[in-house]
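Asker: Residues per chain are reported as follows:
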Amino acid sequence: MMWLRGAMLSSACVVACVASASPARADEPRTHYALTADLNTSTHVVHGTARIHWVNESRVPASNLYFHLYLNGFRDDETVFMRESRGSLREVEASGHGHIDVTSLATSDGTNLLSAAHTDLVSNDQSQMRVDLATPVAPGATIDLVIVFDSTLPPVFARTGYADDFHMVAQWFPKLAVREVDGAWSTFPFHGMGEFYSDFADYELTLTVPDGWAVGASGRQISEARAAGKTTRRFRAARVHDVAWTAWPHFREERFDVDGVAVRMLFPHGYEGAIAAHSEATRRGLRHFGRMFGAYPYETLTVVVPPRNALGAAGMEYPTLIVSQGMWFNMPGIHYPYPEYVTAHELAHEWFYGLVASNEVQWPFLDEGLTEWAGADLIRTMYGESANAVTFGSTTLSIFELSRAAALWPHPPSVPPARPAYAFSSSRVYGASVYALTATLLETIKRVWGRARFEQALGTYARAQAFRHPAPDDLFKAFDDAYFAGFSDRYLKPTLFDSSVASTRITGMYCRAHGDGYRTEVEVVRDGNVALPLWIALYGKRGEVVARVPWTSTERRLRATYETNVEIYAAEIDPDHHNLLDENTLDNARSTIPESARPVAARLLYLFQSMFRWVVA
Amino acid sequence: MSKPSIYNARLLTLLVYTAQTGLAVLLAYPLTRRLASSVGDLPQGVNALYTPGGAHLFDVMHENGLAFGVVSLALATLAGFAFVVSPLMQMAWLNALSRKRAVADSVALSIRQLGAAVRVSILLSPLLLLGVLVCSISGVVAGKLLSSTNERTHDIALFCALLPGVLLMLHWSAVHDLARAALAAGHTRARQAVARALRRSLGAFPIYLLVLAAILALTYFGFLFGARLDQPHSGLFVLIVQQLLAFLCVATRGLWLASALRRA
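Residue numbers (this note's numbering), protein chains in the order written: chain A, 1 to 617; chain B, 1001 to 1264.
Just to be clear, a hint being listed does not mean it is correct.
Claimed, not checked - When the alpha-carbon atoms are kept at most 20 Å apart in a straight line, the in silico DMTMM-like pairs for lysine to aspartate or glutamate are as follows:
#1 Lys1144/B <-> Asp164/A
#2 Lys477/A <-> Asp489/A
#3 Lys493/A <-> Glu555/A
#4 Lys541/A <-> Glu521/A
#5 Lys1144/B <-> Asp165/A
#6 Lys230/A <-> Asp211/A
Claimed, not checked - If the Cβ cut is set under 7 Å, some of the chain B residues that face chain A in the computed set are:
#7 Leu1031
#8 Ala1036
#9 Asp1041
#10 Val1046
#11 Pro1052
#12 Gly1054
#13 Asp1059
#14 Glu1151
#15 Arg1152
#16 Gly1226
#17 Leu1239
#18 Gln1242
In case anyone wonders, no lab produced these hints; they're calculated from the structure. Fair warning: this is a prediction, and the values are worked out from it, not measured in the lab. Note that beta-carbon positions come from the ideal geometry of N, C-alpha and C, so glycine has one too.
Next comes chain B alone, as it looks inside the complex (with noise of 0.2 Å):
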């Protein structure tokens, strides 16, 4: 089986992002009003939530609490929603990437394999308690072994025998993306999916650890950026700055899946 091109990859990158930022609009939209009319009176305005000292920002917070609480059952709800929709709106999207073919077709294709997705996870599963097992091995062992007199080394010691748990988990991911591209190019089987991820999955490993980092970093440099810039007037600047990176994500987690597609 010849290797597939990537089609519609930004269309797709596109579409992902929008879908995200729909969701996040669906709760931040409602949660803005509420803290604008909060300090609404305020001469500072919306800026004295960034006055030094929390000085009007734990009056938000608990005249506000309930809608806090409000909006955290809706990101759990949304989010265990986006969490079932997962394995489909990924399948549509490596689908799309594999075959030039509308949208809605690739909709519809990754309903029809969307059992065979769900297989796939079942197969991969005892990878993943494995990564679990050693986690919790490697930890109480450790704990068990090392002294607690010095704790620095302790918590280094510790951390270093966590670190092949949580790699084999990592590695679950990388070849659970895997195994799903493996679908979408056409292995149909989810057992024949799996074992060809398998057998890629070493060379891919980096590549997917890099992509992961590289979406961690840009994600953190967005906090830190509307951190920094906690100052008046700079809402618009700090939007634009934080939306292409938020685009960036979603466009290097494309990359990835693209790359998936090509070792499938």
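Okay, chain A solo, but in the shape it has when bound (with noise of 0.2 Å):
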């Protein structure tokens, strides 16, 4: 197909940039973005203008310029994004068009840009622009721009749009792709599951909505005036690599600070109740993820909850803005904090792709995979160590159980995580490999050899390559440093790059007297090509562990014998259940007790009499 050999080809000439790219970067002097937008309420239309101060920070001159013009990936039901996503995203389909009109691009001096610009980079698909210029930037040199522009949403899907009179505006302006040092742009076209990858720079915001509506930014509020029925506001933000806002006149408002941060919390009316989770989670994130990751940098957070007819511009991340999602209301006897994993999600995001900016499209699972955890680990600080996904009676689900069973079931996904985000065909593959796979195998290191060491390795990674582009490399290296030399090669790498797991099972287990007490003889098998070091328990006949006994070989096959004064009943591998990468945990134990299932079976006699009451007489 060409449209997709198109995407493919530009993004392979980013495969060879990337991974040849030093991610240290400057961090001065930096490129400056002054954006206004003023949004049109009726026609759903965001007219604005970019100034636009560049500095080629390559070691190569710049011929030309490229941008991202993603909301052209709403234009029509051709587009690279249309077609790679079948119109529809997280279960929101596209239900209308939108598109950006750059209607004049020239230099400050005056010099038309325009007719030098170039769309048709990839077939049926404008979501990026070349613009060619007469004069190569220097390394080190500068180039200012303005450019005109006309966004016009579609109706909310896929992160933007408009929902009545809610705009959710993001990926609107014109925004340059990622000159990388070597000179080569890190460009794409807005592909179906990728996200996005821009440069840290300063932006100003001057944003005019009519009076009375509540507008959400990202960056700091540093002026607002009002004039013919109009408010502006201004916004400022510094060494962040977007912005989005949100616009509406029937948002509520909740502030509080957290260490110096400004948190606003923008929800719907009605979610007065709801929202304190929301607040909690943040509040406790922002201390939670700091301490792990390096403090929050930024003035200010907004963490927004759409309206439930704006669901398409839910569960995303920004630079200092986040939109999270959620009920006006909680069930009650139900606890299922998905509402506040949102928001932890999408807060650990700002770690994970806010400051730690990686390539969204080229490597998925260092930002979502990374995050995925990070925002589970949250929950689990908030709820408990194990009742921390859903809690039902006495009922307990442990998120990272229910990421191993989207990561595992009905097996490991066919697309390993460290692919580019145009590799997965399929929304489900894609949340299985990237955000559930990685977060499965970040847990299970953390099980296997101790949070503390685990924090060190991911905490490095973060604080080090904070306002970097950081490469996979970079994850491995803080992994190596922390653990030891050639610990990703064995234990992370083969997950990431081969969708690999560390399956055990015993296959026998045989105990008999043996002079004064007992020998034990225990056969045990890795089917994956992940070889964890595991604990084998030896319980006695109460069913008290009697022995505990390690097993670091990697040999698939194991035949050990144990010497023990009391009579060993049963063997288990990993009785503590560290290992998550396990696609099956119930053949990691032997037993010589037969087991009985009467607690199931008054359970099961109750549902089956309570389904049957309602039909039977």
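Fit chain to chain and form the complex, with the hints in mind.
Answerer: Here is the structure:
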């Protein structure tokens, strides 16, 4: 297919440059964007201007500039985004189109560049724009541009758009692609699965909406003025790589401060009771992530809970602004922290995306996978080790067991996590691989080797790569430094690059009298390519642990003999459930005591009786 | 016609409870065996299913996915069968309550009354349709009229708008029981039974709602009790309490049917 081939070629150019680029980037001088946006609330069109002061931070003169015009991903049904996503994202269907039209493009001295702009870089897709420069921009030199554009928002879909008078405005302005140190542009069409990759810059946003409309935007508000029935607010955000904003006349607002960070919660009327959970996740998260990954460096954070008719905007992160989701009520008696989980996940993105700005299209596991683990870890911190996903009565399911189930059922994902976003043909495989399998791997490592070292590895990576564009090797180096040389080769890469698992099973257990005691022979097998060091527990007749012995060898099959004073009735691999990469934990044990299932029988009987009650007489 | 006395109430409660339990055992037994074999090698045995975090629970669900599917199919088949024979069973229950006669005679009588029982359902179907219609119209109208900007108010108002339709459907259910009770009480013509039931339904409706609420509460309490006692060796205790509750549910339903007979 032509469109796919074009997209792949464009992306292939990036693979090479990302692999060769050094992640270290100078902090100064920085690119600067001065954006204005005037929202027409009737037509849902944003009339905007962008004054861009761009610094060529590469070692090579720039003879062209690449922009992302991602709103054009919604221009028609034939764009790369619409074809890859099949017009549906996160169970929200596209119900209209949107686009961005650049009406003027010139240098600050008035030289027209619009005629040198090309948007046909990929067949049937205008989500990228190349501008050929008559005079290349030398390394370290700058160029000043003035762009006038109109962004027509779609009915809210794939993070952007409007629903009635609610507006979530993201990917709305012409944004420069990342120019790597070697001079290659990391530019991508807007992919169905992929998200975004941009360079750090200073932003100033001047935003005009009708009077009475509440607004949330990236950055700190520095002024507000009213004229002719409109309110204009200015926001400033330093060292960020995107700005997004929302406007709605019906937002309710709560404000609080967390260690110097001014937090705004924006939510629909009626959510006052439910918003407490989002606030608590935000409050705890800023401290939890700050302790692990380095303090949140910005002055503000805005958390938006959109109305339910705008679910297409939900569950998305932008620098200093996150969009969560949830309902106005909590189910009495059922603790189900999904809304807080969305907030926790998006907040974690402020580190793994916001600060550690890896290439989300090329290596989505570096942001989504790490964030999936971090968000779940925050929920665990809030609600306890196991009672952190679903609690109904006393039945508790761990959020990491849910991740494991998503990652390993019905089998490990066919596409491994460390692949570009456009390599995934379905959101199900993308979620199972990039999100769930990566988080499952990280949690397994945390459990097997302990929290302290894991935090050291991930924390070192996050702190070292803040305000940079790291690649997987930077993550692997942090883990090798924290654990031991070659750790990543043995325990990270097999799963990330090959979807390998660490399945184990016990194939035999025999206990015989031997001298004054007993001799137990246990035969265990490793089925996966990841040979984790695990424990084997030996149990006595009453289920008590008689001995715990390490299993560190990497051979596929091991027959070990243990001598004990008491008779052994059962043996179990990984009794503490450290290994979440095991496809089936039921074959990890052998017992000589027949098992009764009476407790289950009672409950099942009652369940079926209750069902028949409504149909029998 | 004099109000009928109530006969065989305890015996019938026991019989209906036994019938429901028998059907439940048909499903629960093989599934229990299957689960036991899944967790049979684990040192914690079946208690591993109750381990906080669900470490083994997910694997049991995964490994037994096919078995759960088969049980679901069997459940649907049994439910379908039960739904078909439900009028027969209800009439048999009412007939046995209304006269001092053998249960077998009540069943034979209910077979003869089956036509009238079905006609009762047909005659009352407009009332049920009215309930559905009221629910649909009020839901659509409320959805159009209510502003979606305040979701809490919207949802509460929508719930209130749906309530009349729901109450109509519950009323239909009460009238349905009363009409069949009238058949059991000797009103052989369906039209006559429905007319009587409709006349007496307003007085009986609060009792019907009370009985329904009691059965729902008992059922919920049984589930809650089982969930709260997810501890090793709690099986027998949970079994006794849950079966007591299951029996009470049947008995409560029996009390309502007896009340319906007295009003018939």
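Asker: Run every hint past the structure and note whether it holds.
Answerer: Status of each hint after checking the structure:
1. Lys1144/B <-> Asp164/A: holds, 14 Å
2. Lys477/A <-> Asp489/A: This hinted pair holds, its Cα atoms lying about 10 Å apart.
3. Lys493/A <-> Glu555/A: Judged against 20 Å, a Cα distance of about 19 Å means the pair holds.
4. Lys541/A <-> Glu521/A: Judged against 20 Å, a Cα distance of about 17 Å means the pair holds.
5. Lys1144/B <-> Asp165/A: holds, 16 Å
6. Lys230/A <-> Asp211/A: holds, 5 Å
7. Leu1031: holds, 6 Å
8. Ala1036: holds, 3 Å
9. Asp1041: At about 5 Å, which falls below the 7 Å cut-off, the nearest Cβ of chain A leaves the hint on Asp1041/B intact, so it holds.
10. Val1046: At about 5 Å, which falls below the 7 Å cut-off, the nearest Cβ of chain A leaves the hint on Val1046/B intact, so it holds.
11. Pro1052: With Cβ-Cβ at 4 Å, under 7 Å, it holds.
12. Gly1054: holds, 4 Å
13. Asp1059: holds, 5 Å
14. Glu1151: For Glu1151/B, the interface hint holds, since the closest Cβ of chain A sits about 5 Å away, which is under 7 Å.
15. Arg1152: holds, 3 Å
16. Gly1226: Because about 5 Å separates Gly1226/B from the closest Cβ in chain A, which is inside the 7 Å limit, the hint holds.
17. Leu1239: holds, 4 Å
18. Gln1242: Holds: closest Cβ of chain A sits about 4 Å from Gln1242/B, inside 7 Å.
Checked against the numbered hints given earlier, this structure breaks none of them.
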